[in-house]
Structures are given as structure tokens and as C-alpha cells.
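**Student:** The chain contents come next:
There are 2 protein chains.
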Amino acid sequence: MSDRHGQDRRGVLRAAAGVTLGAGIAATASPAPAAAAGAGDSGRVEVAVLLYEGFTALDAVGPYEALCRVPGVRVTTVATRAGLVRTDTGELGIAAEKSLPQVTRPDVLVVPGGGERGTTATMADARILEWIRRVHRHTVWTTSICTGSLILGAAGLLRGLPATTYWASRPYVKEVGAVYTPGRFVETGRIITAAGVSAGIDMGLHLAARLSDEQVGRAMELALEYDPEPPFRTGDPDTADERTRALALKLLADSAV
Amino acid sequence: MSDRHGQDRRGVLRAAAGVTLGAGIAATASPAPAAAAGAGDSGRVEVAVLLYEGFTALDAVGPYEALCRVPGVRVTTVATRAGLVRTDTGELGIAAEKSLPQVTRPDVLVVPGGGERGTTATMADARILEWIRRVHRHTVWTTSICTGSLILGAAGLLRGLPATTYWASRPYVKEVGAVYTPGRFVETGRIITAAGVSAGIDMGLHLAARLSDEQVGRAMELALEYDPEPPFRTGDPDTADERTRALALKLLADSAV
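Respectively, the protein sequence lines represent chains A and B.
In terms of the working numbering, the first sequence is residues 1 to 257.
In terms of the working numbering, the second sequence is residues 1001 to 1257.
Keep in mind that the hints are not guaranteed to be accurate.
[Stated by the list, open to error] Stretch-level coverage of chain A by chain B, calculated; a stretch enters the list once three of its residues show a Cβ under 8 Å from a Cβ in chain B:
| no. | stretch |
| --- | --- |
| 1 | 206-216 |
| 2 | 249-257 |
[To be verified] Every beta carbon over 10 Å from chain A, so not counted as near; a handful from chain B, in silico:
| no. | residue |
| --- | --- |
| 3 | Thr1080 |
| 4 | Pro1101 |
| 5 | Arg1105 |
| 6 | Arg1127 |
| 7 | Leu1129 |
| 8 | Arg1134 |
| 9 | Val1140 |
| 10 | Gly1156 |
| 11 | Pro1162 |
| 12 | Gly1189 |
FYI, nobody ran anything at the bench for these hints, they're computed from the structure.
As the structure is a computational prediction, the values presented were derived from the model and not from experiment.
Backbone N, C-alpha and C fix where the C-beta goes; we use that ideal spot for every residue, glycine too.
I would like the entire structure built from these sequences, with the hints used as guidance.
**Tutor:** The structure is reproduced here in C-alpha cells:
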């Protein structure tokens, strides 16, 4: 991976005064991801983001954005069939680049959550669950966001393990045999489950460092300008008031297709 | 907008014990968005997210996720041509539902940022700039994320106005005639510019409240479980160290196509 633009190129993304990309930085930017992540013969780390009808867009795009610039990483999207997959509101379509049979040995699996319909349908989709079990045998990291952990659980991957999920779905963690554990993300062995929707960004940045080194994680956090200032401070379900919780659930249900 | 699932339905997204959706909540969940946002004859608030080759996925998906469940809001994606539009890494494709001529009177315009190539090409794309100018005449809110503010600026919308942008692009705000102003987002009249990438989530939640009421903003923040814990605390460009800044810029350049 080389700086195709040359180190002197300046443009709208390069305007920060005084930035020089010296040899030390170049070395840091090119760790040996194959060694760190156990990449296959391709020498690249393949991250497969599973898409399914009714997934939640930010669940998938948060980790994608955190991982797609990590040296040596190639992110791909996969679904039962290649082509457009609709989100839980039906208002957005994201392309699955590949079908399940085309992705056999990803180094990293990312399973986003979805609305009620998409999650429960996927938890009952034998073909997807069998694919998850098969690729998990060889992954370096198997991860989920939001209700994606219930899908990992339905595939039998979380039995007896600590895991998190979307706040409103916490009781279901037990039903798939896992032990609900609080946290923006919960790492156990080579499985990482993230909490709801936006927690995929936190998990993705953590994973970026795991796949490379901490300096890359730090740089990606800055690349996303991830210095959040949630405007209402109601994002923590443990402190949100009941009215806000009830309305959130209503808006989710009303927007579902 | 009604709860199509009925108030007694419970499922993986409804598991939070003790939640009841009473009449008071139902009333809150159905404010009069047409009045609040100045919607057209359709009675719905149309949010148009502009896509262009080389846009940054999270810039577009953050606001989409914050807005798509606001009562009365319909989010659509628009590009020069309808169909798949590739992101700045080339690794993800998101569908534009409509072409520019098909979207004439959106209530809200959202312009994401992009990589160097996508941003500069769009800043020089007379057809897109003319469309932005035309729809801006009637929008209730015209918004941008990251380098999207430079595109609004290139369209002539920011002359003399306070605005923000991606951290590395701050000097360019002046070049499009605006006054760089710090903040996760900067609201001036009916224009809101957000800082880099993830700041679109903060802005989107703020806008959700503007389009409805604060209670909906609070509920959407919880719906996204937006209680962030950035793992490295390096997302603030004003406090990030020089090595992190330089590596972030290098990773951005290296991942661009």
C-alpha cells in the first residue's frame, strides 16, 4: 500500500498546515496486518459485512468506516444474493458485493443488527446461520452490532459466553444461551459483540487497532473526527427516562417495513 | 402514522420490561411535522441526501439514521443518475433512488462530504451546484457534513456565513467565502454545517428535533444508543498529537480511489 498521491500533494483534505509524512509515519502506517490478523494467502485482511433484508444501515456502515482504511484491510459486503439489500426502513439500499457462497474464508465477520422483522427472519434463516458457523471456524474476529448478536447466538456461537446487544433486546441474549454483559462492546476470545447501532463505531475503532496497532486505531478515530457531542444526552438506556424509552420503541416500530 | 404492530406486540426489539405505549406517548410521537418543517402538499417532510462518486458513507448514513424514523419524514437519496454510487474507498455502493431532476422541492437537503477526488469533482460539477442552488431556494433546512460544506460553498450558499467542515479542510472554508467557526455543527439561518464524518450523527439528531420536537430528538438519540465511548480519545483534532494527525491523513489518502 503506497501513498499514490505523493507526499507533497495538498488539497481539501490535506490543508492542515505543517503536516509532513515522514518515514517514521510511513512505517507506522504499514504494520504487518497479515501477521496481526492471520490473513490468508492473499496477504490482505478480508472483512465481510453481512447484509440482510431489514438490517440497520448505521450498524453496518459504522464498522465499515472504521475499518476500511486500515492498512491491508479489504471490506466486502455479502448477502444471500449479491445486489441491493434494503434497510429496516426500506428507504435505503446498500449493495452486497458478493453472495454467501462467494465468501468462504473472511478474516473478520461483521454482523449488523436490524429491525424486528430482519433480525427474526435472519435468526431463522438456516442458510445464513450455516454460513456464519462455517466462516466462523476460520475467522480471526467474529463480530456483531446491536441485535446482530442474537443472530450470532442463533447460529450457536455464543453459548455460555458474555455478550451485549441492543438495549431493548437485552433479555433475548439469555434466550440464545449467552450471558448479557454491559458495555459498548464485549470481547470474549475472538468474538466481539457491540451494543446498539452507534456502538458499532466504538467497536470498529477497537477492531481497527486489533487488526493493526493502537496508533492506527488512534488515527482512525481522528479520521472519523469521532469526538461526539450527543445533543440530548439520552443515549444511555440505563439513564434515559421512561417517556424517552417508550417513544424510541414506538418510532422504531412505526418506521419498520 | 400508526403503530402497525399494535401496542401489545413484543419481540426482540420490544423486550424492555414494563414499556407501555400510552396515549400521551402516541400524541408526542405524532407532532405536526408539516407545520414544523414547512412540508409541501404531500404532507410529508422530504429529506434528500445527495450522493456523488467518492462520498464518505458515514457522512450520509449518520444523518439518514437519525432522521429516517422522525414522524412524517421520508428520506430519499439523489444523485446525477439514479443507481449505485460508490464511496471514497470504492468498497461500498449505496443506491441513489432518484436522479437530480426527479427531486425538485425537498424540505431538507443533506450534502455529505467525500474524499479529495469526490469533493473537488463535485465542487466543480456545474449540474450538481445548480441543482443545489435551485432546491435551496425552497428548503427549510440545507445541511452538510464534513467537506460537504465546501460543496455548499462552491454553490455560493455560504458567502459571509459561519460554517464548519472536516478538520483537515478548515482553511478551505475561507476559500468558499465562509467564516470557519468551530463546533460539531454550526447553524446559521436555515443552513447547518457539521464537522467531520461522525459529526453528522450529532447534527442529524439536532435536526430530528428541529423537524419535530425535542422529545423526538431525545428518543432518536436513544434509538441509536448514542452513548459513545470513543476508545482512544483522539477524535478531537485540536488535541490530537501530530503523529496521529499525520497518520490519519495518510490513511485517508492511501484508501482513496
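**Student:** None of the hints should be skipped; say for each whether it holds.
**Tutor:** Tested hints:
1. 206-216: Per the Cβ count (5), the hint holds.
2. 249-257: holds (count 8)
3. Thr1080: At roughly 17 Å from the nearest Cβ of chain A, B:Thr1080 sits farther out than 10 Å, so the non-interface label holds.
4. Pro1101: Given a closest Cβ separation of 20 Å, the condition holds.
5. Arg1105: holds (18 Å)
6. Arg1127: holds (20 Å)
7. Leu1129: holds (15 Å)
8. Arg1134: With a cut-off of 10 Å, B:Arg1134 remains clear of chain A, as the shortest Cβ separation is near 23 Å.
9. Val1140: holds (19 Å)
10. Gly1156: B:Gly1156 is indeed farther than 10 Å from all Cβ atoms of chain A, at 17 Å.
11. Pro1162: With a cut-off of 10 Å, B:Pro1162 remains clear of chain A, as the shortest Cβ separation is near 17 Å.
12. Gly1189: holds (19 Å)
In summary, this structure violates none of the numbered hints.
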